[in-house]
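Asker: Spelled out from the first residue to the last, the chains are:
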Amino acid sequence: MAESPFKADIERVQKEYSEKMTPGAIVYIPGSSVINKTGSWRVFMPEFNREKCTRCYLCYIYCPEPAIYLDEEGYPVFDYDYCKGCGICANECPVGAITMVREAK
Amino acid sequence: MEIPENVKKRLSIPAEEHFFAGHTACQGCGAALGLRYVLKAYGRRTIVVIPACCSTIIAGAWPYNTLDANLFHTAFETTGAVLGGIEAALKARGIKVKGEDGVMVVGWAGDGGTADIGLQALSGFLERGHDAVYIMYDNEAYMNTGIQRSSSTPYGAWTTNTPGGKKHFLEKRHKKKVIDIVIAHNPPYAATASVAYPEDFIRKLKKAQKIPGPSFIQLFSPCPTGWRAPTDKSIEIARLAVQTAYFPLFEYENGKYKINMPNPKKEPKPIEEFLKLQGRFKYMTKEDIENLQNWVLREWEKLKKLAEVFG
Amino acid sequence: MAEYKPIRKVVSGNYAAAYAVKHARVQVVAAYPITPQTSIIEKVAEFIANGEADIQYVPVESEHSAMAACIGASAAGARAFTATSAQGLALMHEMLHWASGARLPIVMVNVNRAMAPPWSVWDDQTDSLAQRDTGWMQFYAENNQEVYDGVLMAFKIAETVNVPAMVIESAFILSHTYDVVEMIPQELVDEFLPPRKPLYDLADFSRPFSVGALGTPADYYEFRYKIAKAMEDAKEVIKDVGKEFGERFGRDYSDMIEKGYVDDADFIFMGMGSLMGTVKEAVDLLRKEGYKVGYAKVRWFRPFPKEELKEIAESVKGIAVLDRNFSFGQEGILFNEAKGVLYNTSARPIIKNYIVGLGGRDFTVKDAKAIAEDMKKIIEAGKLDREVEWYHLKR
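Protein chains in written order, with our numbering: chain D, 1 to 105; chain V, 1 to 311; chain Z, 1 to 395.
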């Protein structure tokens, strides 16, 4: 499974985020929100059925985080570190390739 | 990991991502999705001005930052004025604003910060003709402070200060048509959009980028928390809003109206289909629903006539 | 340094401010009209219209939006200016906090005007003093020359410490009264005030950033301390810039309090702004009559010149504080702050508060002399009759 494009920044963020109190409350690290792994919010998680997928890209387009990106063949890759389990992807998928299942913790 | 080239070519929206996960928007938030689309359309060379609203928090508390663009937080009622100031500064410094290679100055304000407290600044912004884009993301209440009604709240909606109860104390005023107020200023470009139609929204953003002068886009952004709707239905609700002609998508460009959706030649879907998915409408009586349906159809007729005469 | 050959013009205080705006190479002016500030903006518009100044003029729809637009412009790296008065200043109160919190070196001219109701357009310091907690530096001009000099210095000081500054002048007494002002040739102003180097620049995308995000209780405290420290540091910058101004242009502003005969006085007048011009005349006349009197003109109200005040208070027996303002439920504001500063020191002059000139009531040399008589009696008696005296009260 391919790595999240956001993950590369986490180490840098963790190192720098408390570096200095910038006057005016400036944050110089774009995307430092990646340090907050909102995947812990989930109750349901999207289960992906690759065979059914027609690569319409709607799940990628409609994810509000975004926690879905596309691999070399165009299939969605779900980043469960950030997926909040809202279920939009499952609701919008025209072929039912995504189902929301209660996460076993 | 970048989206591979062969996949990028088949995507109907830009592939660049300048909006990062890890933000604290609610599950299924339409506003977060909307901001993601704005940054896809405009890229990094964007100055985003965000007043007090949900997006203040979504964009990140110090030291978090969700955006890969420059972001200026400002006071609630000042979005239009700050946009004017930034644009004047860029002009004074000889920096190109708008256009293909120009810097985009974008205001991203909620309905409260636009229709109510921010209306004066918006009016000034439009009237003075600044080269910037003002986007009002409409979740139809003051959501950040806990779901209080705004002038953009529709008839019959439950909010915390119109909570229904024994006295049927719901929102009894119809939605303020901010888009009509904006059009009264005769801007070069104004439009409505919905998060359920991202290609349309991004097309309108790109248009606003090219047309000089002030642009205004009202974006319909469902709020599952405030609308008491299931989080997975946000896009469906945003789609039904358009299909029932409750929130038609149209453009106003150089004095001409153009309806994008729904099809003016067909009957729009009945408003019940939009209402039944949202818990905030469950206290409405039959009369209330009829009242709302009549308002929707009346406004829709008005728009169709305008598109005919000024099309 | 090129030789300074002043250009002498007969201008009102407002026009002096407008010339300073032109010479300071301000890039964005966003302002809303209010009597008696209007002629500042009119003059600036005239400069733009005949090509004398290259300024982006934003005719905003309220003073609140004026400050918001200046904030946007300053955050995008431009040198920004606005002007207002009384009700307008009160309306932009929220954004004054924002400007200082966002560390933007905006300069504003405030024309001191009484707060309504009842409606008044005349001189009164309550409007600017009511904003003393917003984190703006405050410079009170005694005459039109100080308005001109003040605006130029304010930009340099503000841009050094990244704290906004307001230059304050009296309604009509300065704003609309003509006087000779020595102005500085543009090349010399450029040497004194180089282009701005902003702390952050929204037009710089090499390292995208956000400004002003939510500060939780774990962090907010330190951000505010930074502003407090910048204000403290500003004292040294004010003195240095004032000294530099004197070296370049012959008018020294290195004293945050301008002193007159303090070492040879039993008591002194203390106050701010144009009424101190009247006081200076009265002091000259009184001294000829044998009174041992002096004056302390407070130029900078924020940051408050504590050390200077302590030094002055140690060498006199009495201070008559003239306040053209009042804080209801307390006393005159300058009096209140000065008294507070002196409490933790050993200086114990008799200090009395005279509330004068509210709403533009004339404060004349005769009034100053009457107050001097009163102070003389009090010092001879060795104690105050009353702390606060509403001097002009007729009925």
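Hint data in this document are derived by calculation from the structure and do not stem from the laboratory. Do not take every clue at face value.
[Claimed, not checked] Heads up, incomplete: computed chain D residues facing chain Z, CB under 8 Å, no partners named: (1) Met-21; (2) Pro-23; (3) Ala-25; (4) Gly-74.
[Claimed, not checked] Here are the simulated DSS-like pairs of lysine-lysine, each with C-alpha atoms no more than 25 Å apart in a straight line: (5) V:Lys-91 - Z:Lys-197; (6) V:Lys-91 - V:Lys-172; (7) Z:Lys-310 - Z:Lys-383; (8) V:Lys-177 - V:Lys-286; (9) Z:Lys-280 - Z:Lys-317; (10) Z:Lys-366 - Z:Lys-317; (11) V:Lys-8 - D:Lys-52; (12) Z:Lys-306 - Z:Lys-243; (13) D:Lys-52 - V:Lys-9; (14) V:Lys-176 - V:Lys-305; (15) V:Lys-176 - V:Lys-8; (16) V:Lys-96 - Z:Lys-197.
A virtual CB, placed ideally from N, CA and C, is assigned to each residue, including glycine.
Asker: Please go over all the hints and tell whether each is borne out by the structure.
Answerer: Here is what the structure says about each hint:
1. Met-21: With a minimum Cβ separation of about 5 Å from chain Z (threshold 8 Å), the hint on Met-21 of chain D holds.
2. Pro-23: holds (5 Å)
3. Ala-25: holds (5 Å)
4. Gly-74: Not OK, violated: Gly-74 of chain D not within 8 Å of chain Z, min 29 Å.
5. V:Lys-91 - Z:Lys-197: holds (17 Å)
6. V:Lys-91 - V:Lys-172: violated (45 Å)
7. Z:Lys-310 - Z:Lys-383: holds (20 Å)
8. V:Lys-177 - V:Lys-286: Holds - the C-alpha atoms of Lys-286 of chain V and Lys-177 of chain V are around 24 Å apart, at most 25 Å.
9. Z:Lys-280 - Z:Lys-317: holds (19 Å)
10. Z:Lys-366 - Z:Lys-317: Satisfied, since the Cα-Cα distance of roughly 23 Å is no more than 25 Å.
11. V:Lys-8 - D:Lys-52: Distance of about 21 Å is within 25 Å: holds.
12. Z:Lys-306 - Z:Lys-243: Status holds; Cα separation ~19 Å.
13. D:Lys-52 - V:Lys-9: holds (22 Å)
14. V:Lys-176 - V:Lys-305: holds (20 Å)
15. V:Lys-176 - V:Lys-8: Roughly 40 Å between the alpha carbons, so the hint for Lys-176 of chain V and Lys-8 of chain V is violated.
16. V:Lys-96 - Z:Lys-197: OK: Lys-96 of chain V and Lys-197 of chain Z at ~20 Å, within 25 Å.
In this structure, the earlier hints numbered 4, 6 and 15 are contradicted, and the remaining ones agree with it.
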